[in-house]
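Given these sequences and hints, build the entire structure.
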Amino acid sequence: MEENQRDAAAAGEEALVGNVNKLMVTPPGYTGVPRKGHLIFDACFESGNLGRVDYISEFEFDLFIRPDTCNPRFRVWFNFTLENVRETQRVIFNIVNFSKTKSLYRDGMSPVVKSTSRPKWQRLPAKNVYYYRCPDHRRNYVMSFAFCFDREDDVYQFAYCYPYTYSRLQHYLDSLERKNLDYVQRELLGLSVVRGLACMSAEGFYGLICLFISCVVGL
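Counting in the numbering used here, the sequence shown tops out at residue 219, every number present.
Take the hints with a grain of salt, since some may be wrong.
Here are the computed distance ranges between Cβ atoms for each label pair [claimed, not checked]:
#1 Arg-123 x Arg-86: 17 to 25 Å
#2 Arg-86 x Arg-139: 32 to 40 Å
#3 Arg-186 x Arg-86: 42 to 50 Å
#4 Leu-173 x Tyr-55: 37 to 45 Å
#5 Ala-146 x Glu-203: 46 to 54 Å
#6 Asp-54 x Tyr-164: 24 to 32 Å
Here are the simulated DSSO-like pairs of lysine-lysine, each with C-alpha atoms no more than 27 Å apart in a straight line [as the list claims (entries may be wrong)]:
#7 Lys-120 x Lys-22
#8 Lys-114 x Lys-102
#9 Lys-114 x Lys-22
#10 Lys-120 x Lys-36
#11 Lys-102 x Lys-127
#12 Lys-36 x Lys-22
#13 Lys-114 x Lys-100
#14 Lys-127 x Lys-114
#15 Lys-114 x Lys-36
#16 Lys-100 x Lys-127
These are calculated hints, taken from the structure and not from any lab test. We treat Cβ as the ideally placed atom computed from N, Cα and C, and that holds for glycine.
This is the structure we're talking about:
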């Protein structure tokens, strides 16, 4: 029974084929002029992931993350920005379709946040983060976190943990190549749907000592 529920939930997530793009979320039926506090969600950037936003109230939103590429049963990563906030606006965000039964969020881990005026990632206070199973969402696992916006002109960004993008990885591999180290070699291992997979090998006195396969992110 539980297996069938998980499969049904996974099938429902297949419809989340793209990230939200500068999506302003307003109360149902609202036709007036956009105002401060009508949050604008965006995940159309490298490593971004947010497929849908449901308005629950002025203080609460349900968020749906897109599944892994070619595997709709796995839904973990999220990364999105928010703007058009109101100063002192307090909001609860519910990530309602996690696929993991166990999570470090239960043991004190928390999402990370930064903003345009504070560009260094910081973890949210663990006391503001809750991970639980919710009967209102096909008994999926839900991670809820509360946040209070304090600067109206800032763009805020939230992520599952510290993002490590494909571009950042390529910059690192490029820096290794520029050193012209005799014992380091970079090769193209293969191709994914849209990107290359790099293979870095390092050889020392005892032959091949380590192998790094670059991960494809931001699809």
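Structure-based check of each hint:
{"no.": "1", "hint": "Arg-123 x Arg-86: 17 to 25 Å", "in the structure": "holds, 24 Å"}
{"no.": "2", "hint": "Arg-86 x Arg-139: 32 to 40 Å", "in the structure": "holds, 34 Å"}
{"no.": "3", "hint": "Arg-186 x Arg-86: 42 to 50 Å", "in the structure": "holds, 48 Å"}
{"no.": "4", "hint": "Leu-173 x Tyr-55: 37 to 45 Å", "in the structure": "holds, 42 Å"}
{"no.": "5", "hint": "Ala-146 x Glu-203: 46 to 54 Å", "in the structure": "holds, 51 Å"}
{"no.": "6", "hint": "Asp-54 x Tyr-164: 24 to 32 Å", "in the structure": "holds, 29 Å"}
{"no.": "7", "hint": "Lys-120 x Lys-22", "in the structure": "holds, 23 Å"}
{"no.": "8", "hint": "Lys-114 x Lys-102", "in the structure": "holds, 26 Å"}
{"no.": "9", "hint": "Lys-114 x Lys-22", "in the structure": "holds, 18 Å"}
{"no.": "10", "hint": "Lys-120 x Lys-36", "in the structure": "holds, 25 Å"}
{"no.": "11", "hint": "Lys-102 x Lys-127", "in the structure": "holds, 18 Å"}
{"no.": "12", "hint": "Lys-36 x Lys-22", "in the structure": "holds, 15 Å"}
{"no.": "13", "hint": "Lys-114 x Lys-100", "in the structure": "holds, 25 Å"}
{"no.": "14", "hint": "Lys-127 x Lys-114", "in the structure": "holds, 18 Å"}
{"no.": "15", "hint": "Lys-114 x Lys-36", "in the structure": "holds, 20 Å"}
{"no.": "16", "hint": "Lys-100 x Lys-127", "in the structure": "holds, 21 Å"}
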